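**Q** What follows is each chain in one-letter form.
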Amino acid sequence: MSKPGVKTSHAGTPFVWIVKRDSVSRKQAYLVRAAAILGALMLGAALFLAMGHNPIMIYRDMLTGSLGRTLARTETVRIAIPLLVTALGIGLAFKMRFWNIGAEGQIIMGATAASYFALFSGVPGPYLLFVMFFAAIAAGGLWGLIPAVFKSKWNTNETLFTLMLNYIALEFVRYLQFGPWRDPRLRGFPSIAMFDQAARLPRVFGVHIGWIFALILVAIVYIYMKKTRHGYEITVVGESIPTARYAGINVGRVFLRTMFLSGAICGLTGFLIVSGANFTLSEMVTGGVGFTAITVAWLSRLNPAVMIIFSLFIAMLQRGANAVQTTFRIPSSAADILIGFILFFILGCEFFLNYKLVFRKKVK
Amino acid sequence: MKKAITLLLALAMIFALAACDANAPGSAAEVTRENLKVGMVHISELGDQGFTFNHDQGARKMIADLGLSMDQYIPKFNVSPADITATKAAIVELIDAGCQIIFATSFGYNVAMTESAREFPNIIFCHATGFDAHSAGLSNLHNYFAKIHQARYLAGIAAGLKTENNRLGYVAAHPFSEVISGYTAFYLGALSVNPDVTMDVIYINSWGDARLEREAAEALIARGVDVLSQHSDGIAPALAAQDAGIWHVGYNNDMSTVAPDASLLSPRIDWGVYMTFAVQSLLDGNPLPVDWGTGIETGAAFLSPLNTAVAAPGTQEAIDKAFQEILDGKMIFSGALVDNDGNPAQITNFAGDVIFTFTDENSYFVESDVYSAPSFNAILKGINIIS
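So the protein sequences, as listed, match chains A and B.
Numbering of the first sequence is given in the numbering used here, commencing with residue 7 and proceeding in unit increments.
Numbering of the second sequence is given in the numbering used here, commencing with residue 14 and proceeding in unit increments.
Hints are computed from structural coordinates only; laboratory data are not their basis.
Note that the structure is predicted; figures quoted are calculated from it, not measured.
Using N, Cα and C, we set each Cβ at its ideal position, and we do this for glycine too.
Some hints could be false.
[Claimed, not checked] Facing chain A, from chain B, some residues (calculated, C-beta under 10 Å): (1) Lys101; (2) Phe120; (3) Asn218; (4) Asp222; (5) Gly298; (6) Asn299; (7) Ser388.
Pulled out of the complex, with its shape left as it was, chain B reads as follows (with noise of 0.2 Å):
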């Protein structure tokens, strides 16, 4: 008997539980300065000093600029992106707690963010270097990114005319269009003033894993190179070059404070440019764009600034050229590039069909125009994927 009344007391907590209907939270009420909340959901937390850092100095700028309180910001850390389960959640959660809008920093939130803005219609959802809202056909998913690559090919130059033995080194995160565009961007950079220069680049298969990224990065300074870069989220690599004694190039922070004698400078993202249109549009009512991205006219993409101890001469100088070349829109993806078998280099695309073919003097692949998101995967001659 007591058992039975055990039963349909749990069976009746359950039905309590579960029989609610569960449509629309998030309601569409307006949006305004004072109820606006907006939620983002990060990958690390701001100890990295890295890729979470910088996104959240973007949050806070945002929130600087348009005046609004820093309770109006609700960071959610240490989100991982494998786990969609936990990722949903933690979105439901900002949901609950009354974001308008959410921006997500990672790639890999791409299941969970498409999914919640299909659930939530009212809710404006922000995603960071994915590529789903062009395909999604929802008017509530959007992508931003930052021409990155513009900044890494002018830090590039620097690592290019600072190499005394032309070997670079690169630890990279994933064997992922974004991570090959960037480094791809850094070698370009690096050959426009040294054209003896080769790369080797080391796959983490993590965007950021402190112990990953230092094993890698000594694997490569023991393969010889004398300046380490990185498409990771820490700054490990930068301690690697510093202990061995080498030169570096950073990633999302200003590196030069935890490497004084290595750190070259860092291509950085002001992810604030972005999260704060976007914002101020939710507020002024404006749709937003499918896709965002903008380089280093509007400085969402820039570099920290060079550490003029350790440069070569003439870097500044350098690189402050290309940067008006830049401006008066010179690609960085352009030329008669060639792939490590010596063929004119190919960008695949999704399926894996081949859409561009680098033919000529005269041919260039505009980087990050339809989508925000970065589709330069080619491995160009003179870069060697060592694993």
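Just chain A, same shape as in the assembly (with noise of 0.2 Å):
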């Protein structure tokens, strides 16, 4: 609404921006991420402090409740175990910028799978765990497939139609608990019958074995994207497609090849909590495991050996988080809370590494 022939000072020239920033030396890189977890923490504190608790109390408590005692240990550890393996899966998806967010819907289809051949089959028992292992990998594959067809072919999103896929996956696992699958035992009750015991995972060191599957697959994920053609082809997808193609990479082939590995290890995920720990399918299976996962890869910048430690560091906050909740008698609510301040400052702090803010300049 300026009146014509009066200049404005700063026509044009937004208010604020976000310039890249150029480079940030590994040492501030780190004091960066560690003054992100302390403020987090003292936003925490400010808010337990207003709840009438002392802080310190409660994060003693968490790291007690976390790793202080041999059973929090090995929860924490179990918590980890779906957390990483679904990162790794959704990792290689990433790192070609397809935006696989549609690891719960892959999660449940494994699962379902598995739970298919653990409760209907009638294979023999010592077989039984290969046959639902790789059920639920080629469910999950082709679940994740789904999406990269549909990119390939006609450029479809894949962020929605991932996302979408979930619910797909959910409301199927609804139907076959309140129709088909429900357990006649349970005089009309709507859940699904508990796997015998030649369907369960055994144990290792307390755990079930698939902390071992997860290690193991971290190194194959590991080779397989810094050592061998398929995983150097999903790097040079991911950084400019033109380029990918110049290069004569078939794009629409690595996002088919790609989509189907990363949707079968979240099958995988699958097979391992229902055969794991739930010994049975439900609706709530994946626990939002899909979701945390993208958080854990995303904290990882998609390195498979740094998700070690940061699904480790979420599955402590969690367990920590439900421990205080017990002996503070604080609501689930206010733990939920801290684990939101301390991921919205690291995601936070990771964008201030990349970025700066220029503020616009006052014009003489």
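Join the two chains, each given in its own frame, into one complex according to the hints.
**A** Written as structure tokens, this is what we have:
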């Protein structure tokens, strides 16, 4: 609405804009990250103080509650396993900038396929777990393949596509739970029967054997990404699709192949959850792992080895938050807020490590 | 090189975490009044003013009756039964916090409770409304319930006397024997004083969800019922009845405060009766029964005070009379009951096999006898399942 002829001082210049940083030294980066965690803890402390609790005691209990006792440690590892495996799966897709938000659905389909064989197949005991394992991988992979097919043929938006497939998978399990798979033994109550002993994973050091699967998978994914032509192609497609095409890479095929693998690994998570922890299938089989794992993958900057650390870190936070909920009788939502603070600060600082805000300068 | 170190470090970390033997948490140390801790897994929060509120009241009563301190009661709220991992984790946390006895309030915890009982043989597990203990063969797994069908029958009398158009409505949780037993008892109570009464039932497929409860209540009201009752955990049906100007019979909690013009009374469970008994037994070193279920004779099932400003004249007298009859041995599910096709009503077991048929006037089914959880699951004539 400025009058013609009168020159406003900031015509066309935004108040603030975002500029990519040139580079930040490694040491600086670690300092910023440490400051972010400290900032989140202090904000959390303010919250706990406002609720009338001593924040130092709460933090101490979070630590002992997640690491201090044997039972606590095994629980923490158990929470970390599905997070780690799923993050590995999502990471493959993210590396080629294919935003697979559909891990929840892929986990569910993997879990459902494994559960089918556990409940109804009659496969003899020693082979049952192998059959469940491969069924879960195949089902998760095929579920992951669907959005890749649509993306490579018709260039559909994979973020929305994978997200929507989650709801289809979820409603499918609900249908099974409330319909054909409902356990008749439960007098009409809608839940699915429990697995026999043969369909349950053995334990090693107090935690189901899935943690060994997860560590082996870290090595496999690491080598696949760094040392193979497939891994190289994924990286190139992620950097620039035109470049990849120019280099003679069949982009569509990379999408299909990688999404199958991504979904298959998420399907493996489903197998680990039903055969290692839950021993049955339910509509809440994922417990939100498919979304939390996105955070793990992102915090780890898609580095498989670092994912071990961050999946344990998130597991510690969840487990510790639950522990203080019990010992201090604070509502679970307050503990969740703390987790939210920490993740928000860490992810926020990653942004500021890469970008800076430039404010409009005053024109004299 | 740096990557290799990261990987090594991470491997060392996870190994250090995992490489500890995890056997026997919750040791067999003697339970005393001082070291006693009671854990409880709740499906919802106290704010539901219904099922969870009522179960928490039971725990508080137990603490008061036994002269314990509130620090010795460790509740876990909002634990979703469908999320088995989360339920097991909650149980482990309670054991980790020192609990020697754990109560879980909702049927759907059956898997997690049975699994945990197997895993922690030194901890006592008491599961309300479940029926796995009978066949699980675990000495530390117990089921408990109250013979709530008796109180529902009595509450049905108030509804049968109050209705003006002889149409009752019922917001029901799951199509499941616990729920069917409850609404059938309510219906039979109404029928005992009003032979023309019929009842519409809508299932919400959830134990409690304010929106679903409200929607079902409004659908029933739109169908023309004038007394509404419920087997759902919240107060939404009471509020819907209040808003629509019809009458209401609650569950779990006295709902006359939230729906003063609608609420007639509520059949309630005093969970404290069992909890006190169970914890006292643990302290005394006495074994608990596998299944425990008592009714109006112990006060485990009871009625909230009748809202005399709303109830039909003579309601209290009719209830008192029936109360005495039940004490004297009257069975709620008795007589030549028939289903909607006019055939003798039949009760089926887990496998769908008929275990009982109401052949004649002298037939009676003893509810909550072997299992504390209700077994009656026939749909009687006069009860219309809408959805």
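**Q** Give a verdict on every hint.
**A** Evaluation of the provided hints:
A distance limit of 10 Å between C-beta atoms decides the matter here; for Lys101(B) the minimum to chain A is near 7 Å, and the interface restraint holds. The beta carbon of Phe120(B) is positioned within 10 Å of a beta carbon in chain A (closest approach about 6 Å), and the interface hint is therefore held. At about 7 Å, the closest approach between the beta carbon of Asn218(B) and any beta carbon in chain A falls short of 10 Å, and the interface hint on this residue holds. Because the closest C-beta pair between Asp222(B) and chain A is about 14 Å apart, greater than 10 Å, the hint is violated.
Interface restraint check: Gly298(B) against chain A, minimum CB-CB distance 25 Å, threshold 10 Å, status violated. A cut of 10 Å between beta carbons decides the hint on Asn299(B): the least distance to chain A is about 28 Å, and the hint is violated. Using the Cβ-Cβ criterion of 10 Å, the hint placing Ser388(B) at the interface with chain A is satisfied: the shortest such distance is roughly 7 Å.
The structure does not agree with the numbered hints 4, 5 and 6 stated previously, though it agrees with the rest.
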